[in-house]
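Position chain B against the provided structure of chain A, taking the given hints into account.
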Amino acid sequence: MVPLSWYILLGVVLFVIGAAGVLLRRNILVVLMSLELLLNSVNINFIAFGRYYADFRGQIFAIFVIATTAAEVAVALGILVALVRNKATLKVDDVTVMKG
Amino acid sequence: MDQGFFLLFAAVSVITALTVVLARNPVHSALALMACFLQVSAIFVLLGAPLLAVIQIFVYVGAIMVLFLFVIMMIDVREAVLQRFLPGGNLPALVLLVLLGVEMLALVLWSDRFSATEPVAVRGGDEVRALSTALFADYLLPFEIASVILLAALVGAIVLARKEPG
Chain A
5 MVPLSWYILL GVVLFVIGAA GVLLRRNILV VLMSLELLLN SVNINFIAFG RYYADFRGQI
65 FAIFVIATTA AEVAVALGIL VALVRNKATL KVDDVTVMKG
Chain B
620 MDQGFFLLFA AVSVITALTV VLARNPVHSA LALMACFLQV SAIFVLLGAP LLAVIQIFVY
680 VGAIMVLFLF VIMMIDVREA VLQRFLPGGN LPALVLLVLL GVEMLALVLW SDRFSATEPV
740 AVRGGDEVRA LSTALFADYL LPFEIASVIL LAALVGAIVL ARKEPG
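Respectively, the protein sequence lines represent chains A and B.
The numbering of the first sequence is our numbering, which starts it at 5 and goes up by one.
The numbering of the second sequence is our numbering, which starts it at 620 and goes up by one.
From the structure, some residues in chain A lie toward chain B, with a derived Cβ separation under 7 Å:
id, residue
1, Val6
2, Pro7
3, Val20
4, Val34
5, Ile70
6, Ala75
Just so you know, these hints were derived from the structure itself, not from any lab.
Beta carbons are placed, not taken as given, at the ideal position from N, Cα and C, and that holds for glycine.
Pulled out of the complex, with its shape left as it was, chain B reads as follows:
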């Protein structure tokens, strides 16, 4: 049952990810990426992390992709539509990618560190409560730093996108 759902979500996410990279129109890429994020959040649910799945949908699908679509609508994409994929001009990068993929696949398939088939006994219930307790107690400093980073990004984005005075 779980395996069937995983295969379904994984297949759809890989197909939509390929669409993101191969589509000519950036709007199509953005929509495919949105579908891919939804599949990834479904995989998070399969992994027993419902909080992360909800955060994924809120932040990625709700905020980041809307931001992308706004920027795509603000700028003119008609020229970009004509741009070809052009893998031919970039042979070294293509070779590097194939090498990287083959290497990682070989390492994962040969290693015995990834052979766990059952999760270690899950703590009973209240996983979200334990997660938030750890986040706000043990990881308070990184949490505050993340909020400062978000604030800096907010100010930086406003300053960058502002019209020059005069």
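The following block holds chain A by itself, in its conformation from the complex:
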């Protein structure tokens, strides 16, 4: 069997990569995608702990995380579309780039 620490290490690596995307990239789309990556790495941790300690509340919590993520993405992309539309109508600028 795979040791628990391997799953945790995978979660750590994915979390750091996602945090790098959030902090270093300036493209708002890539920032949102990196946010998804962060939430996924946390889900891996939840399910791994739930499996290794025979407690399926980890899976339940992961389901709630996924539902909240879906809501967050819908609202964030709605805001993004409104932002692009307003900037494009107000001034000619880099509408797909969020200045840091």
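Here is chain B on its own, set in the frame of chain A:
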């Protein structure tokens, strides 16, 4: 056997995650993220959570990534393609990230709390049934709250993305 599969899925997911962050074109990032989600759902299968794996594929790959691709197609990404990665301008963030990664890795590797190598004896069979029973009995209130959150997000997204009248 399990370890080989885990190493394969973990390696591919890390590589695709790096592609998400490093790719210049947001479309490439979205496709790499889709591949990464598929690997993560395979890892869920390895963890004995097939229901979560299916939910992961339906929700993330089926809904969220399609939403991302729709928005990418709606807006003009040609300017964004030219954007550089620019880690040089963000040295404090880079240092912070390296510190965070080293700290978490050191904690996980030194601690003895993560040394479990075998899962505690799994309940026989019907894991999905037990999961759904717990979800709809013990966690009914959070479930309803999650559905209200989804409804609010639905209405909010429609209101935000609507064209202004007049």
